[in-house]
Amino acid sequence: MSHTFTLDGKTIPFVDGQTIIQAASAAGVFIPHLCYHPEFKAHGSCKLCTVKVNGRHTASCTMRAAAGMVVESETEEINDERRALTQMLFVEGNHFCPSCEKSGNCQLQATAYHLGMMSPHYDHFFPNRAVDASHPEVLLDFNRCILCSLCVRASRDVDGKNVFGLSGRGIKTHLIVNAKSGQLADTDFSLADKAAQVCPVGVILQKRQGFAVPIGARKFDKAPISETTEER
Amino acid sequence: MGLNELHAEVVAGVVDRVVNRYRRDPSCMLQILREVQEACDWIPPAAIDRMQELLGVPRTKIEGVAGFYSFIYTEPRGQYRVLFSDNITDRMQGNRAMMERLCNNLWVERGKVSEDGLVSVGKTACTGMSDQGPGMLVNNYAIAGLSEARIDEIAELIRNKVPLAEWPPAYFRIEDNIRRADILLNADFKPGAALLAARARTPSDGLNASNTRSWREGLPSGIGGPAATLDEIKRANLRGRGGAGFTTGLKWEACRNAPLKAGHQRIIVCNADEGEPGTFKDRVLLAKCPDLVFEGMTVAAYAVGATRGFVYLRGEYRYLLDHLNAVLAHRRRENLLGKDICGLPGADFDIEIHVGAGAYVCGEESALIESLEGKRGTPRNRPPFPVTNGYLDQPTVVNNVETFAAAALIALNGGEWYAAIGTKHSAGTKLLSVSGDCARPGIYEYPFGVSIRQVLADCGASDTQAVQVSGPSGICVAEAEFDRIIGFEDIPTAGAFTIFDQSRDMFEVARNYVHFFQHESCGFCTPCRVGTSLLKNLMDKLHYGSGSPYDFAEIEKLNQLLQSMSHCGLGHTACNPVLDTIAKFRPAYEKRMMQQDFTPAFDLDRALSSARQMTGRDDAAAHLTTEHGSKP
Ligand SMILES: Cc1cc2nc3c(=O)[nH]c(=O)nc-3n(C[C@H](O)[C@H](O)[C@H](O)COP(=O)(O)O)c2cc1C
Ligand code: SF4
Ligand code: SF4
Ligand code: FES
Ligand code: FES
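Chains A and B, in that order, are what the protein sequence lines are.
So in the numbering used here, spot 82 of the first sequence is number 82, and the numbers just go up one at a time.
So in the numbering used here, spot 493 of the second sequence is number 493, and the numbers just go up one at a time.
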């Protein structure tokens, strides 16, 4: 059955079971998001995709569309809040974009541009996070992890491997890998895994590929994230 | 020597025993971890190896669960693990000095393990003993009413490596401190009476068959015992006592009407996580009238057609476990649990107790269910709600301990009787956990509608500045509001009633609560995970004298963000204590606004403190003078 709801005044069709963000992107409307990926079960944790449904804030990646919903997304209030969330993610980790291999291909960076984030605003936490360079092909730079769990879902649901997981609680939440040593080299991870492809930021990086494409000629250098299709 | 250096085979033996007792069921992961730790003092890597093998789950899953809970250790924390309760009331009762005393006594640094690996001393969120603080946990067993003398004795016992089981039993005595009893605490309740009354509500014998079928299949049968019992709950106007105040009858009905998938059953969960600082009434209900609570759960099972029940008991109440299990065993013997309860064919229901491990967020019902399933206690995306998709995706009722106790009395005495107590919008009585600055802290049961002023008078509070009602996530009430009443129509409460007299610094109260939320955020969603840390940093900045009016605006902005974007109630309410105290006790903040203009939180002298500690220096030359008032 097909029905519609409105998103910032525009009529959006949807089919039963679709979430707001799925229906919106099918209709070509961009809603900022970081932990959502069309190929995986929604997580609902980053909250970047928050919209107002009939006046109430809710994450559009987990909320099912319903006929007649009135959804607001591109309002000054909501974008201010989304910008604050990106600022939080920047200060929580260590993001030195100019020296990052992901710069220009990074969804956090591109989303921050999209939202007009001009400064981190908050004091940096400067957490102490080690880098895992044990694997022959892949480097893990945890400094940039935004805990979106996409690698967790990809490894579990697509690769059938459970290479990644989240541990800790609260501000100490962190990514772990499936090895007694805690090292990626001791897991069954491989570059061919789906999990090697999904990180929206610069944590899971292929070694010896540094700056193959120069900064300035990368994905989000060519077109803003709001006009770029989903595959990463 | 301790078990820290246990051989892998010994550890594997412990794991085998525990895992097999839990039927190798990965959904019992948290219980397995807790029991393995009780035997090994921590979770050594060899234990994880073995669990991985026996349970067939990836290491990431085990480590992820272990890492979530404060009371599960993947690094050795000593044979004696001492945690001081750090609620604001414990602070007011001098817990800090006692902690220091114990650390000095044992030559151990706060938060660290002693060099010989014998003991660690740290702090933890409120252990639910505010009426008899300061409190502590030793290897998860509660000790209350600490004094300097007791601290010295405990140090001696630890130094002499006396096993915890041989410590004087008097240390572990927890008082009920019931100061005012009403229908619940006065109930002269005979186990089984409420169930017999519920069964008797069956209009005629002819209907019995369909009623028992309704229990067995969970299919509502229209009229008869279960439906009549549900009607009584509705008639009673009972609302949840865990904080949110949802109408119990509607919740039960939604669960009863939820379709059952093949192989599924309905589930009843009693929320005994009681993590809200300053709340301890569920502890007293479970200690004093467990039969009433279990019977309420059984009545719920009867009404909705559930066959399996859980009590989620907070880890801090581990000491109640054996007693509660004994009561359950007795009820089984009396045919009040198990098969064909009260002789009703097909009336099957049993209750098991799961013990938490130090995570306030697990009181949130969907996080609680995740935890019951042996996972990290992360709140779920809702909808769907537990009444349709709860424990292992089955229809589940989650209610507070006190809600079930009230339900048992309603089944016994009828809805009208209950609705006549209290006020028009708030039926029945409410247990208050009174603590802080008063002569008689403890449990007070009042019909709804009692004023703050009345409670203060009854408990012997004088010179009161403020009352924090319902804990940090509740509201802070100032003197001008003392005529307001406890009830859903005015001040709803989960039960905490913490009193502060004029000598208390309300800024420090709020700062303690903010630290609590920061520590307890589950870390799932960005706004709460990062926002509670930002808020904590702001409060610490004010505390250290670098605050300016600019910071007020910043707190207000954070509050807005946490309220609108957070995933669960923890994030939604995390700013409440600050906003309330700013609004009502502004001078406590203004005193700290040393700066007129924005001042950075960074303070060079304070940043050097770790260098001073390492070099053992604290002389004048080791300090920098800064313009604003940092404390050396
Ligand atoms: C962070 C958080 C912690 C909570 N802690 C508890 C608790 O310790 N005990 C409790 O009964 N309810 C707690 N709740 C409320 C539960 O989610 C749920 O509403 C309640 O158990 C339902 O029972 P009731 O309807 O009988 O009140 C908490 C909620 C949140 C958001
Ligand atoms: S991952 Fe993105 S945001 Fe993070 S440092 Fe790299 S470019 Fe910057
Ligand atoms: S490593 Fe990347 S994909 Fe995995 S949780 Fe961190 S940010 Fe997300
Ligand atoms: S994209 Fe929806 S919460 Fe992250
Ligand atoms: S981290 Fe728990 S509500 Fe956000």
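Heads up, some of the hints might be wrong.
[To be verified] Here are the computed distance ranges between Cβ atoms for each label pair: (1) B:Glu166 to A:Leu191: 53 to 63 Å; (2) A:Lys219 to B:Gly94: 56 to 66 Å; (3) A:Ile215 to B:Gly94: 52 to 62 Å; (4) A:Ala130 to B:Tyr319: 53 to 63 Å; (5) A:Ala130 to B:Gly616: 56 to 66 Å; (6) B:Arg333 to A:Val131: 43 to 53 Å; (7) B:Gly616 to A:Val131: 31 to 41 Å; (8) A:Gly116 to B:Ala611: 38 to 48 Å; (9) B:His425 to A:Lys10: 37 to 47 Å; (10) B:Asp393 to A:Leu191: 31 to 41 Å; (11) B:Lys557 to A:Gly210: 46 to 56 Å.
[Unchecked claim] To be clear about the criterion: a stretch of chain B counts as covered by chain A if any three or more of its residues have a C-beta under 8 Å from a C-beta of chain A, and this derived list gives those stretches: (12) 7-14; (13) 443-453.
Just so you know, the hints here were simulated from the structure itself, not pulled from any lab data.
We put the CB at the ideal spot given by N, CA and C, even for glycine.
These are the hints, each one checked on the structure:
1. B:Glu166 to A:Leu191: 53 to 63 Å: holds, 57 Å
2. A:Lys219 to B:Gly94: 56 to 66 Å: holds, 59 Å
3. A:Ile215 to B:Gly94: 52 to 62 Å: For Ile215 (chain A) and Gly94 (chain B) the Cβ distance comes to about 58 Å; the hint holds.
4. A:Ala130 to B:Tyr319: 53 to 63 Å: violated, 39 Å
5. A:Ala130 to B:Gly616: 56 to 66 Å: Check failed, 29 Å falls outside 56 to 66 Å.
6. B:Arg333 to A:Val131: 43 to 53 Å: Because 60 Å falls outside the window, the suggested range is violated.
7. B:Gly616 to A:Val131: 31 to 41 Å: Check passed, 33 Å falls within 31 to 41 Å.
8. A:Gly116 to B:Ala611: 38 to 48 Å: holds, 40 Å
9. B:His425 to A:Lys10: 37 to 47 Å: holds, 42 Å
10. B:Asp393 to A:Leu191: 31 to 41 Å: holds, 36 Å
11. B:Lys557 to A:Gly210: 46 to 56 Å: With a Cβ separation near 39 Å, Lys557 (chain B) and Gly210 (chain A) fall outside 46 to 56 Å, so the hint is violated.
12. 7-14: violated (count 0)
13. 443-453: violated (count 0)
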